[in-house]
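> Chains as they are written, first to last, in our numbering: chain A, 1 to 84; chain B, 1001 to 1084; chain C, 2001 to 2233; chain D, 3001 to 3722.
Just so you know, the hints here were simulated from the structure itself, not pulled from any lab data.
For every residue, glycine included, the Cβ atom is placed at its ideal position computed from N, Cα and C.
Please note that a few of the clues may not be correct.
Said to hold, decoys possible - Using C-beta positions, here's what the derived DEER-type ranges look like:
no.: 1; chain 1: D; residue 1: Met3300; chain 2: C; residue 2: Arg2136; range: 49 to 59 Å
no.: 2; chain 1: C; residue 1: Gly2025; chain 2: D; residue 2: Lys3446; range: 12 to 22 Å
no.: 3; chain 1: C; residue 1: Gly2025; chain 2: D; residue 2: Gly3449; range: 20 to 30 Å
no.: 4; chain 1: A; residue 1: Arg26; chain 2: C; residue 2: Asp2037; range: 18 to 28 Å
no.: 5; chain 1: C; residue 1: Glu2029; chain 2: D; residue 2: Lys3446; range: 50 to 60 Å
no.: 6; chain 1: D; residue 1: Gly3029; chain 2: A; residue 2: Leu28; range: 54 to 64 Å
no.: 7; chain 1: C; residue 1: Arg2136; chain 2: D; residue 2: Gly3201; range: 41 to 51 Å
no.: 8; chain 1: D; residue 1: Asp3293; chain 2: C; residue 2: Ala2077; range: 44 to 54 Å
no.: 9; chain 1: C; residue 1: Cys2170; chain 2: D; residue 2: Arg3327; range: 52 to 62 Å
no.: 10; chain 1: B; residue 1: Pro1031; chain 2: C; residue 2: Asp2037; range: 55 to 65 Å
no.: 11; chain 1: A; residue 1: Gly29; chain 2: C; residue 2: Thr2214; range: 41 to 51 Å
no.: 12; chain 1: B; residue 1: Ala1051; chain 2: A; residue 2: Arg26; range: 18 to 28 Å
no.: 13; chain 1: D; residue 1: Arg3719; chain 2: A; residue 2: Asp59; range: 21 to 31 Å
no.: 14; chain 1: C; residue 1: Ala2077; chain 2: A; residue 2: Leu28; range: 24 to 34 Å
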Amino acid sequence: MRVVVSITRKDGLSDPEGATTAKALRQLGYPVGEVHFGRTITLEVDAADAAAARAAATDMCTRLLANPVIEDFTVFVSEGEAVR
Amino acid sequence: MRVVVSITRKDGLSDPEGATTAKALRQLGYPVGEVHFGRTITLEVDAADAAAARAAATDMCTRLLANPVIEDFTVFVSEGEAVR
Amino acid sequence: MKVAVVVFPGTNCEQDVVHALRALGGTAELVWHGDADLAGADGVVLPGGFAHGDYLRTGAIARFSPVMTAVDRLAAAGRPVLGICNGFQVLCEAGLLPGALVANRDLRFICRPVHVRVESTASILTAAATVGDVLRLPLNSYEGNYTASAAMLGELAATDRVVLRYCDPCGAVTEEANVNGSLDAIAGVANAAGNVAGLMPHPERASDEILGSTDGVVVLESFLIALRLAAVR
Amino acid sequence: MTPPVATESLHRSLGMIDDEYHAVVTILGREPRPAELAMYSVMWSEHCSYKSSRAWLARFPTEAPWVVVGPGENAGVVDLGDGWLAALRIESHNHPSFVEPYQGAATGVGGILRDIFTMGARPVAVWDPLRFGPLDDSHNRYLLDGVVRGIAGYGNAVGVPTLGGEIELDDCYTANPLVNVMALGLLRRQQLVLSAASGAGNLAVLLGASTGRDGIGGASILASAGFDEASGAKRPSVQIGDPFEEKKLIEVCLELYRQGLVVAIQDLGAAGISCATAESAARGGMGMDVDLDAIHLREMDMTAAEILMSESQERMLAVVRPDDLDRVVALAERWEIAASVIGKVTEGGTLRVHHHGEVVAEVPAASLAEGAPRYLRPYHQPDDLEAAWADGPVLPASVDVPSSLLRLLADPAIGDTSPIYRQYDHQLFLGTVVEPGHDGSLLRIKGTGKGLAVSTDGDGARCALDPQRGAARIVWEAALNVAVVGARPYALVDNLNLGNPEKPEVMWQLIEVIEGLSVACEALGIPVVGGNVSLYNETAGVDIHPTPVVGMLGLADPMPARPPRLDRAEAGMAVWLLGPDDGDDFAGSAFARVVLDQRRGRPAAPDPAAGRAVVARAIELAGWCPVLHDVSRGGLAVAMAEIAIRSQVGVVVEVDHWQDLFTESPHRLVAVVPSDADLDGAMPGRRIGTVGGDAIDFGRHGALDLPKATAAWAAALARHLA
Ligand SMILES: Nc1ncnc2c1ncn2[C@@H]1O[C@H](COP(=O)(O)OP(=O)(O)O)[C@@H](O)[C@H]1O
Ligand SMILES: [Mg+2]
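Chain A extracted, bound-state conformation (with noise of 0.2 Å):
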């Protein structure tokens, strides 16, 4: 079952790569506002179910993938909902 999960940095904290990415688009013209960097991983994940699929994954980003720290993130399954 494929799975997406997204992760994006919490809110206010500072996101250097998206402002000088923001920047550097401002220099070459675009009117562009914020802008944020996020990551998305795509898993193939061997699980029953879209719910076990989600409860896998969101298990995997608490442990691994994600910083619960700094990051945010959001699972979605193929068939489901976004939830978090």
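With chain A fixed as given, assemble chains B, C and D with the ligands onto it according to the hints.
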């Protein structure tokens, strides 16, 4: 207007982040198959409508945000559906 | 006969490259990335570092600097253009060299001496060396893992444009010697004309006995010779 | 409208005790406003004010003819001759690194670099002495991995080589890792810049990153509070490092100095704007008018207190003459660095802060910077200490030398540390002559015949048994580490990592440690030019070992043309052991810890005369010896193994007793020299063996195969970092 750009490594090119993470997850006992890393860039674009925002973001991807040699990208605008 | 050594915000090896080129009798000067011309230089080196923090992607933002238009022109005119480490990444992003550099296989920064084997002497990178020479050079990078499409790889091999491969001290290309996991163990490549080349290891850091190796001298000398040759042509 | 007055309970939530609050009321002659209280709370925190330690720090010897700037400024500065000065400094980022190892360590590097270029110096190297709990615990591995990545991520990208460090592992650091960072900078004499603001009417220009809610109540309060309550609740205060911004800031500042455009400059570290404005004004005997509305904010709705306390990274406060402002701004623009005038230097010593058209703070600058209460906290020696001293390690009658050595080599704090230092660029600037992996690292000063050597050393395990002797011994060890690459000990910086100073036993440790460091420095004739105190390293009421860490700067003049290295031994060479007779010194040794699992007894006191003689002899020998190595962790056996492994050639060494192989008696040195060289005479020493074969061979005490030793040593740390 908020635009999200999702950037992934082209098929067949090496994805060391994905490969290493897959290995680490398996070591922790998770039944995962392939794992792929991607990046998302969330942009506030000053555009008249969704189509204009999409066009601008597509242009930004082609010129700067993605590397056409190794990456594919998809642009999402809040009202619209995904286009490639 | 002058070499321009380009400084982007975040570049950090510019002084080292100038120092090493001068020690070999070259004339080298720093050029700011925001300048639109290369101050009359006959060749250019893009040195190592973290241009624009390597944020977004290594080399991605740097290629839009005004100076890169002048670099393009010099490259098109057949003058020598050398990219070292981050400079190699910039040249790939700018489309002056094929392929791209991604994160090292083990997702760690690597700082250690490596051995590379000279695979071709058809470019400015190794014209003064001999095919099969093994050089011991410092490697210092997080994104040094060379990658390219299968088609591009085939073309590089067919046109003698793979210049350096990671190898063991005896010159054997092994999985273990390919410390960052580069495709086909590629450590350096050139363009079709041979006047633009890039490599991940740092030849300038191996150009003084007291620093442990002088194997980088042949690379910098090849570049300086190409500089003179291009001018007489 | 009268600004609101802070309620009395606010000070407690800011970590201030009632007496301190009343002291503020006395200074101001009124109740403080909220922003004022916030400023006092951070400036008077233990971290910023040294209120518990300051009286004792006066003990350090700080003078020498070559000291240009001693303790008190952002970094110490010493004169190297030829118009060159060196700036050095050590700092801790312990608590932030426990909360978020990558960013905590990264911002630790960023912070220490700012201390260096604030002085006018270009930062040229960083060292990272680290301490964690045992690595069989996965969280400890996670912390180590994150910290090393953070140092690499920031140090490499900012373009300053990391030339070495240290690692010690012990249970006491499990919930309280120690992440110390030392930095060194070089400058020409005329480039020295100080932080004292002067000249009424001069402008205060804030350079660098925008100001957000980073680390509010962060470094200063985190570093000043016990740890358990901090980790969960204070998470949002994590600071994100931006090495690119810092790199640009370094270049802008150095160019500003070169063009003579700054009168004074101060970095923004703990306590942010509060600290930078108050300290530079106070040092110059001036005041400052500050306008918070001129500050470039990352989040719009920040309160005055939040802006004043923010610890956003990569910011500097420069004092410039009004006439120079345009040039300063133009230079900043060239490097894409934001610059805004946020204040003006005034006569009279008052720091006045405006926000949204109102005065939110109006206080004597000196009262913030220097007016913190001093505490002479009670101290006493632990009751059970003398009994513990009497109860030394119990040594077995005989030991299996090869298997004991193998266990020592496989210890992650003794084995190969290259899995750490290979992640750091240690070659930038074409200066590194001896890279990490030997004893002291050595860098050349280009254009002179001189070199600088640095070694960072600490030893919590030994200091736990006797803080004074333990502290003195790390100074001697560091001295020998720089001497073996040909450098004369020249100046010291120290980082005092201890537990809760409100406990009399911890205060006693602090005093003992200071005494030990001071006595050793006096015996070596070197000054302490700076340091840092990190207190409250306790978790759930349990304190860490007293853990002083020193950074020794050595000057090699002349620098040896081919300095000794561990990998230069060749078959046929002779092995000499120099220094006082061995003796049994097992208290706090690696052998006692790893092989015997005993932590008791009293380590031997250093012997200043012997120490000086060995250091002097090492400097002399470094001019021509292929290999010189001090005997430290793991004793002679480990020292010989390190030489054999790094050179990939066996050794045959004879000693009388097995104890001679593992004792850690100080002031001893191994020299590997051509077989016909005679090292007899100048000091006690004897030829103990020969290089050759394919084993680390101790004669009748047994031999360990070189390949087996190499494999254990190479995997010791690597297997925990896979
Ligand atoms: N955390 C670290 N970071 C960088 N280098 C390290 C680290 N730990 C140890 N090293 C390097 O490994 C070598 C050996 O360290 P150590 O055993 O502490 O040396 P010594 O006993 O001579 O003080 C030194 O060169 C040191 O700089
Ligand atoms: Mg040593």
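> A separate judgement is required for each hint: does it hold in the structure or not?
Each hint tested on the structure:
no.	hint	result
1	Met3300(D) with Arg2136(C): 49 to 59 Å	55 Å, holds
2	Gly2025(C) with Lys3446(D): 12 to 22 Å	18 Å, holds
3	Gly2025(C) with Gly3449(D): 20 to 30 Å	23 Å, holds
4	Arg26(A) with Asp2037(C): 18 to 28 Å	25 Å, holds
5	Glu2029(C) with Lys3446(D): 50 to 60 Å	18 Å, violated
6	Gly3029(D) with Leu28(A): 54 to 64 Å	57 Å, holds
7	Arg2136(C) with Gly3201(D): 41 to 51 Å	59 Å, violated
8	Asp3293(D) with Ala2077(C): 44 to 54 Å	53 Å, holds
9	Cys2170(C) with Arg3327(D): 52 to 62 Å	57 Å, holds
10	Pro1031(B) with Asp2037(C): 55 to 65 Å	59 Å, holds
11	Gly29(A) with Thr2214(C): 41 to 51 Å	47 Å, holds
12	Ala1051(B) with Arg26(A): 18 to 28 Å	22 Å, holds
13	Arg3719(D) with Asp59(A): 21 to 31 Å	26 Å, holds
14	Ala2077(C) with Leu28(A): 24 to 34 Å	26 Å, holds
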